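Colleague: What follows is each chain in one-letter form.
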Amino acid sequence: EAGVAQSPRYKIIEKRQSVAFWCNPISGHATLYWYQQILGQGPKLLIQFQNNGVVDDSQLPKDRFSAERLKGVDSTLKIQPAKLEDSAVYLCASSFQRGGPDTQYFGPGTRLTVL
Amino acid sequence: DQQVKQNSPSLSVQEGRISILNCDYTNSMFDYFLWYKKYPAEGPTFLISISSIKDKNEDGRFTVFLNKSAKHLSLHIVPSQPGDSAVYFCASKGNTGNQFYFGTGTSLTVIP
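Residue numbers (our numbering), protein chains in the order written: chain U, 1 to 115; chain E, 116 to 227.
These aren't lab readings, by the way, just hints derived from the structure by calculation.
These numbers were taken from a predicted model, which means no experiment stands behind them.
Watch out, some of these pointers could steer you wrong.
[Claimed, not checked] Between beta-carbon pairs, the in silico distance windows are:
1. E:Q214 / U:E85: 34 to 40 Å
2. E:M144 / U:Q41: 19 to 25 Å
3. E:D174 / U:G40: 24 to 30 Å
4. E:P155 / U:S66: 27 to 33 Å
5. U:Q59 / E:S143: 18 to 24 Å
6. E:N182 / U:E85: 34 to 40 Å
7. U:E68 / E:G198: 36 to 42 Å
8. U:A5 / E:Q196: 27 to 33 Å
9. E:L126 / U:T103: 22 to 28 Å
10. U:A20 / E:G198: 34 to 40 Å
[To be verified] If you want the ones that stay clear, here's a sample from chain U, every Cβ over 10 Å from chain E, calculated:
11. S7
12. E14
13. Q17
14. N51
15. K62
16. D74
17. K78
18. V114
[As the list claims (entries may be wrong)] With the Cβ distance kept under 10 Å, some of the chain U side facing chain E (calculated, not the full set):
19. P43
20. F65
21. S66
The beta-carbon is built from N, C-alpha and C at its ideal position, and this holds for glycine as well.
Start from the sequences, fold in the hints, and give me the full structure.
Modeller: What follows is the structure in structure tokens.
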């Protein structure tokens, strides 16, 4: 079974530029998550999708971050414009269903450096 | 507000000995707990979980213990192997929604 795929793996941009990350979850997984992991911290949830609907985006900085999951499969996370403090690893995860004990499977992450 | 805390940022253990990683949580509504293992340049991978109806769950060399009254869980690795060297994150979730809260991680080094 293929795992969660993410691209690009690394991205370096200057502040105020835009950037987009892509995630393809495990086939059949209805729930998709985007996390931000700043160096030395644990992953922090940015947004959670159930199929193509948003379940939780309470911690997404909506003035600059946006995410979509068209057709309930792939997802993109965009930052526009980027700030220095956005430097982090952006992790995508998926799980089979929402609710109840359910393990999340993570992709390798995209390491973003904002200069 | 850090709802899940791992107070030891690092731990070194001799190969063959027991590794004990600790995690504390503050939210009494959390009812499901997981441990993830992370190698450099990779995403976290699921290791073991436990629900609040249990106080112990074992999988091979890995055992997770849950003390609900103390809001504390621990991961025991016996015997520790050099390949276990990684960062370990604990995560917790409540019985509503599916948001997991992660600790800051403990870097385990198993010395051959």
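Colleague: Now look at each hint and say whether the structure bears it out.
Modeller: Here's how the hints hold up against the structure:
{"no.": "1", "hint": "E:Q214 / U:E85: 34 to 40 Å", "verdict": "violated (22 Å)"}
{"no.": "2", "hint": "E:M144 / U:Q41: 19 to 25 Å", "verdict": "holds (23 Å)"}
{"no.": "3", "hint": "E:D174 / U:G40: 24 to 30 Å", "verdict": "holds (28 Å)"}
{"no.": "4", "hint": "E:P155 / U:S66: 27 to 33 Å", "verdict": "holds (30 Å)"}
{"no.": "5", "hint": "U:Q59 / E:S143: 18 to 24 Å", "verdict": "holds (22 Å)"}
{"no.": "6", "hint": "E:N182 / U:E85: 34 to 40 Å", "verdict": "holds (36 Å)"}
{"no.": "7", "hint": "U:E68 / E:G198: 36 to 42 Å", "verdict": "holds (39 Å)"}
{"no.": "8", "hint": "U:A5 / E:Q196: 27 to 33 Å", "verdict": "holds (29 Å)"}
{"no.": "9", "hint": "E:L126 / U:T103: 22 to 28 Å", "verdict": "holds (24 Å)"}
{"no.": "10", "hint": "U:A20 / E:G198: 34 to 40 Å", "verdict": "holds (35 Å)"}
{"no.": "11", "hint": "S7", "verdict": "holds (13 Å)"}
{"no.": "12", "hint": "E14", "verdict": "holds (24 Å)"}
{"no.": "13", "hint": "Q17", "verdict": "holds (24 Å)"}
{"no.": "14", "hint": "N51", "verdict": "holds (13 Å)"}
{"no.": "15", "hint": "K62", "verdict": "holds (17 Å)"}
{"no.": "16", "hint": "D74", "verdict": "holds (17 Å)"}
{"no.": "17", "hint": "K78", "verdict": "holds (20 Å)"}
{"no.": "18", "hint": "V114", "verdict": "holds (19 Å)"}
{"no.": "19", "hint": "P43", "verdict": "holds (5 Å)"}
{"no.": "20", "hint": "F65", "verdict": "violated (17 Å)"}
{"no.": "21", "hint": "S66", "verdict": "violated (19 Å)"}
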